[in-house]
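Generate coordinates for the entire structure from the input sequences, incorporating the hints supplied.
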Amino acid sequence: MDTENPIEVKQRTRTEITLKQLRKNRTAMVGLGMLIVIFILCIGAPIFAPHAPDDVDLDRGLKPGFWSKDGIAGYPLGTDNLGRDILSRLLYGGRVTLSVGFVALAFALVAGTLLGLTAGYKGGIIDSALMRIADILFAYPALLLALVVAGTLGRGIDKAMLAIGIVYTPQMARIIRSAVLSIKEMEYIEAEHSLGASDWRIVFKHVLPNSLAPLIVYSTLMLATAILDAAALGFLGVGAQPPSPEWGLSLSIARKYLVTGAWWAATFPGIAILISVISLNMLGDGLRDALDPRLKGGTKI
Amino acid sequence: MKEYILKRLGLLVIVLIGVSIITFSLVRLAPGDPAVHLAGEHASPQVLENIREKYHLNDPIYVQYFYWLRMALQGDLGRSIESRDLVINEIMERLPMTLELTLFAIVIASIIGILAGVISAVKQYSIADYGVMIGALFGVSMPVFWLGLMLIYIFSLQLGLTPVAGRLTTGIVLERITGMYVLDSILTLNWPAFVDSLKHLILPGFALATIPMATVARMTRSSMLEVLRQDFIRTERAKGLSERSVIYKHAVKNALIPIVTVIGMELGMLMGGAVLTETIFTLPGLGKYIADAILAYDYPVVQGFTLFFATLFVVVNLITDIIYVYIDPRIKYEG
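Respectively, the protein sequence lines represent chains A and B.
The opening residue of the first sequence carries number 101 in our numbering; numbering runs sequentially from there.
The opening residue of the second sequence carries number 243 in our numbering; numbering runs sequentially from there.
Treat each hint with caution, since some may be false.
Calculated cross-link-like contacts (lysine to aspartate or glutamate; reagent style DMTMM-like; alpha-carbon spacing at most 20 Å) [what the hints assert, rightly or not]:
1) Lys491/B x Glu478/B
2) Lys222/A x Glu287/A
3) Lys259/A x Asp534/B
4) Lys305/A x Glu292/A
5) Lys222/A x Glu290/A
6) Lys356/A x Asp534/B
7) Lys284/A x Asp299/A
8) Lys249/B x Asp227/A
9) Lys356/A x Asp157/A
10) Lys441/B x Glu417/B
11) Lys249/B x Asp235/A
12) Lys124/A x Asp389/A
Take a look, some chain B residues computed to stay more than 12 Å from chain A by CB distance [stated by the list, open to error]:
13) Glu324
14) Leu328
15) Thr430
Note that these hints are calculated values from the structure, not bench results.
From a predicted model like this one, the values you see are computed outputs, not experimental measurements.
Note that the Cβ used here is the ideal one computed from N, Cα and C, for glycine as well.
Listed below in structure tokens is the structure:
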């Protein structure tokens with residue numbers, strides 16, 4: 101405590117103000133809380149999972165869980181067609197589905213930021229060329245493009261990551277570009293110029309930090325759809341391959357057994373996807389309201 | 243206005259050329275020898291050589307591109323490796339089914355979405371508002387393929403209310419006019435076929451409508467809230483117009499303008515959803531066609547479909563933009 105200066109006015113940085121606003125936003129906090137729980141459970145899968153995700157035993161195939169007296173002890177959410185524990189597969193599967201979403205987003209974030217900064221800051225022919233390429237990539241619905249790219253590259257989660265990353269890059273580039281355009285014309289940037297600052301210095305010292313708000317908001321919301329797309333690719337058979345516990349793939353396999361009445365094998369992976377995506381959307385909406393009030397309302401990427 | 247449309251059409255041509263280059267290279271970058279894809283694994287070197295000659299595979303890549311583009315412009319998108327049929331014929335055969343599904347979905351999504359959004363905005367912070375917003379949050383976060391499976395499980399398998407898959411129960415006869423079964427049955431006044439095809443359409447239609455419905459509801463709400471705060475609404479109220487007339491005659495009309503673009507954008511996006519929906523409900527549409535082709539490495543289909551679809555998508559987007567400019571005179575006609 102500073103006793104010498106009792107009436108000191110507390111100076112708050114922008115980050116502090118934002119964090120304070122964010123903490124007041126109940127939706128965002130609930131979303132964040134749910135996300136943290138999901139991450140801990142998935143990262144700690146080896147600790148929390150009661151069984152190995154690939155512990156096959158056909159004798160206990162498609163057994164129901166805690167809600168039925170036909171269930172087996174130790175398998176609270178029942179078993180899948182190969183007798184594997186659904187709860188354990190959910191925890192391990194989250195690692196796959198969520199990391200496909202994360203890596204794809206990271207790819208789009210890096211590539212999109214570089215392209216968007218270049219387009220917005222340089223302007224001119226480079227800008228027009230990059231934006232026309234973005235227009236061309238926008239000529240496909242995201243999931244369809246991801247499907248075609250993943251299908252062309254081959255099967256597997258690495259291909260799915262790359263495919264979704266490529267699809268999201270132009271969206272990210274557009275967001276960064278428009279943020280750059282609005283900052284570029286400001287007087288203090290002009291002042292930096294006249295002081296002889298290099299382009300890169302201006303971009304990384306001023307333009308990028310000031311574009312962070314929309315970047316964080318849209319990254320969160322995009323991660324939500326990236327996870328949906330990751331699961332969709334797994335479901336369609338071009339993403340994760342068996343015996344991966346990936347959520348979309350698990351759903352697609354379990355789908356055949358719905359007719360036999362074994363609803364649990366298809367239900368729980370879907371709920372896991374839904375909860376993860378809802379948490380991200382809650383956090384994203386809350387961040388948007390706290391970080392960038394101008395974006396408030398139904399903004400669409 | 244005319245200038246704006248011309249400018250957009252010019253841009254459209256550039257985008258389409260880009261799309262064709264990307265589509266062409268995408269498939270050519272795929273691993274494997276295209277001649278082997280066409281002739282099969284066990285073809286003799288002589289057969290492979292003949293195929294390379296026939297399809298100009300020995301020419302430089304840009305020459306191949308022009309051959310391919312020339313054929314595509316004449317409507318020849320090649321033949322499917324699986325069925326040996328012309329890709330363009332297969333697309334045309336499946337287009338009505340997908341069109342019917344997506345139009346059905348977008349109609350449900352627009353009606354329910356706009357209604358929910360308006361109620362939500364008019365009764366802001368009421369229970370109804372929270373209900374709509376929570377519903378919309380679930381809607382935008384919904385894995386469509388999972389929702390489809392749950393709907394089948396509940397309504398088809400458990401309750402027996404709707405069929406599990408397909409478009410029409412075998413035994414019901416329907417004359418094919420447009421290929422959209424619900425429309426065809428209305429045109430031919432075929433009541434049993436109408437009921438049956440609608441029953442087949444309702445679950446996939448609803449599953450597909452979920453995401454756009456939620457998006458439209460959110461957009462309508464925020465757009466309505468904005469309009470309700472504006473001066474002219476205050477003037478209307480001050481003039482003594484009834485609240486009902488203020489809201490439904492004046493506010494909704496203005497709030498709907500941005501919604502048109504959203505609906506147009508969602509219409510294109512629905513195609514991505516149709517891949518999933520048609521796969522789940524085993525519907526013989528374009529979505530299932532492309533998903534199957536990708537899994538079977540049927541490259542001519544992938545290539546032809548991608549080109550065809552991107553063209554359709556770009557044109558739909560252009561039409562939406564033009565309608566948007568037309569109904570909202572405040573928009574400046576700039577690219």
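### 20 Å Cα cutoff - pair Lys356/A, Asp534/B
It holds: about 17 Å lies between the C-alpha atoms, which stays within 20 Å.
### Task
Given the hint that Lys491/B pairs with Glu478/B, test it: the Cα-Cα distance must not exceed 20 Å.
holds (11 Å)
### Query
Are the Cα positions of Lys356/A and Asp157/A separated by 20 Å at most?
It holds: about 19 Å lies between the C-alpha atoms, which stays within 20 Å.
### Task
Starting from Lys124/A, check that the Cα of Asp389/A is at most 20 Å away, please.
holds (11 Å)
### Task
Verify the proposed pairing of Lys441/B with Glu417/B, using a straight-line Cα cut of 20 Å.
holds (18 Å)
### Reported absence of Thr430/B from the contact zone with chain A (all CB gaps over 12 Å)
holds (33 Å)
#### Entry: 20 Å limit on alpha-carbon distance, applied to hinted pair Lys249/B and Asp227/A
holds (18 Å)
### Query
Would the pair Lys249/B and Asp235/A pass a check requiring their Cα atoms to be no farther apart than 20 Å?
At roughly 15 Å apart (the allowed maximum being 20 Å), Asp235/A and Lys249/B satisfy the hint.
### Task
Sort out whether Glu290/A lies within 20 Å of Lys222/A, counting only the CA atoms.
Holds, at roughly 14 Å.
### Query
Straight-line Cα separation of Lys259/A and Asp534/B no greater than 20 Å?
holds (18 Å)
### Query
Keeping to a limit of 20 Å between CA atoms, is the pair of Lys284/A and Asp299/A held or broken?
Roughly 11 Å between the alpha carbons, so the hint for Lys284/A and Asp299/A holds.
### 20 Å limit on alpha-carbon distance, applied to hinted pair Lys305/A and Glu292/A
Answer holds: Lys305/A to Glu292/A is near 10 Å, not above 20 Å.
Consistency note: the structure conflicts with none of the earlier hints.
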